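> Required output: the full structure, derived from the provided sequences and hints.
If you read the protein sequences in the order shown, they are chains A and B. The first sequence lines up with residues 1 to 205 when you count with the numbering used here. The second sequence lines up with residues 1 to 106 when you count with the numbering used here.
Worth flagging that the hints you see were computed from the coordinates, not collected in a lab. The structure presented is a predicted model; accordingly, all values stated were derived computationally and were not measured. Backbone N, C-alpha and C define an ideal beta-carbon position, used for all residues, glycine too. Be aware that one or more of the hints could be misleading.
Claimed, not checked - Okay, the calculated bits of chain B under chain A, using three or more residues with CB under 8 Å as the criterion:
| no. | region |
| --- | --- |
| 1 | 23-35 |
| 2 | 38-51 |
| 3 | 89-103 |
Stated by the list, open to error - No more than 30 Å apart at the CA atoms, straight line, and that leaves these computed lysine-lysine pairs for DSSO-like:
| no. | chain 1 | residue 1 | chain 2 | residue 2 |
| --- | --- | --- | --- | --- |
| 4 | B | K35 | A | K6 |
| 5 | A | K125 | A | K160 |
| 6 | A | K37 | B | K35 |
| 7 | A | K153 | A | K125 |
| 8 | B | K77 | A | K2 |
| 9 | A | K20 | B | K35 |
| 10 | A | K2 | B | K35 |
| 11 | B | K35 | A | K23 |
| 12 | A | K6 | A | K20 |
| 13 | A | K20 | B | K77 |
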Amino acid sequence: MKQVLKEHDTGAALCRTCRKQTKTTYLYRDFSLTTPKLRVRRVLVGVCDVCQRTLTVPWQSNERIQATVRAARARTETSGRIEARVPSDLYERLRLIAARLEARDEAFAHVMLRFYLSQLSRSAKFAGRVRRLSVVREGSRASQRVSLRVSGKLYDQALKQAQAQGVTDQSALVRGLISAAYEDVFTDCSPQRRAVLECLADATN
Amino acid sequence: MRKRREGFREARARLIRALETGRFNFEGDEVREGKNLLQSGEVSIEFVIALLSSCRGTEHTTSPHHFVPSSSCHIFKPVTKRVRWYIKCYFLDADTILISVHIAEH
Chain A
1 MKQVLKEHDT
11 GAALCRTCRK
21 QTKTTYLYRD
31 FSLTTPKLRV
41 RRVLVGVCDV
51 CQRTLTVPWQ
61 SNERIQATVR
71 AARARTETSG
81 RIEARVPSDL
91 YERLRLIAAR
101 LEARDEAFAH
111 VMLRFYLSQL
121 SRSAKFAGRV
131 RRLSVVREGS
141 RASQRVSLRV
151 SGKLYDQALK
161 QAQAQGVTDQ
171 SALVRGLISA
181 AYEDVFTDCS
191 PQRRAVLECL
201 ADATN
Chain B
1 MRKRREGFRE
11 ARARLIRALE
21 TGRFNFEGDE
31 VREGKNLLQS
41 GEVSIEFVIA
51 LLSSCRGTEH
61 TTSPHHFVPS
71 SSCHIFKPVT
81 KRVRWYIKCY
91 FLDADTILIS
101 VHIAEH
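So, in structure tokens, the structure goes:
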């Protein structure tokens, strides 16, 4: 049977800051890793009673840290990234949609674009609409960057559907998705999708 | 200054017991790549115990801890499948703190 420590248990360690043996108290702290870069929330670690530096990581906490690392690596390996450049007027439309739905800009925009990618992967008709809306207006310069990480499954299905409809690059795809969302919110052409967007806005607030 | 074979059997038994019971800590506030393969999950507790079990007294030394020289660390350098490993730890009261588990550089 392995020993399991709990908060406020005590121990001892050599402290790099104090340069001596000190007593430690086990406390919950966020633990940051550099490779892969991630933060594990509320990990039980041994903290120096004198300088409050984290000195030790008990075996049980390391198990949690490694589980988080494995999950992060698995997510990275199985996910895809959508990278697009869009004109600033489309970027403004993203913000207008969020404002209309009283949502938080950045968080909502990512969730909304994932939702529209999902819609596109399920419907050839919707993909055709996205293609029509992806046309760039003359004189508009793609000055804004949109970056989106999605699951590998959604990435593959959405890009396959988009390519079947003639949308060949990711920037065109994102242009079409934003324009479709803008239409749905501001013209009431799809009350069902608008209702889903309202729910997503509530969920991300 | 390194000394040879100081408390080898006791140190090895204590470290193995700590690994078996989970009564050990990793040193530091970060996971440094390649420094502690047990901490990074690249080797198992059972593997380290097997390494220690095969370790001989001549493959054990002690050395001063690098930032608290008055405390000493135990270094085990067992060989398995023609590969020499490097396991470094120190003991304080009831605590066992594992500093390194990796393939030896020399």
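> If a hint holds in the structure, say so; if it does not, say that too.
Hints versus structure:
no. : hint            : result
1   : 23-35           : holds (count 10)
2   : 38-51           : holds (count 3)
3   : 89-103          : holds (count 6)
4   : B/K35 x A/K6    : 27 Å, holds
5   : A/K125 x A/K160 : 14 Å, holds
6   : A/K37 x B/K35   : 17 Å, holds
7   : A/K153 x A/K125 : 20 Å, holds
8   : B/K77 x A/K2    : 26 Å, holds
9   : A/K20 x B/K35   : 23 Å, holds
10  : A/K2 x B/K35    : 24 Å, holds
11  : B/K35 x A/K23   : 25 Å, holds
12  : A/K6 x A/K20    : 25 Å, holds
13  : A/K20 x B/K77   : 27 Å, holds
Checked against the numbered hints given earlier, this structure breaks none of them.
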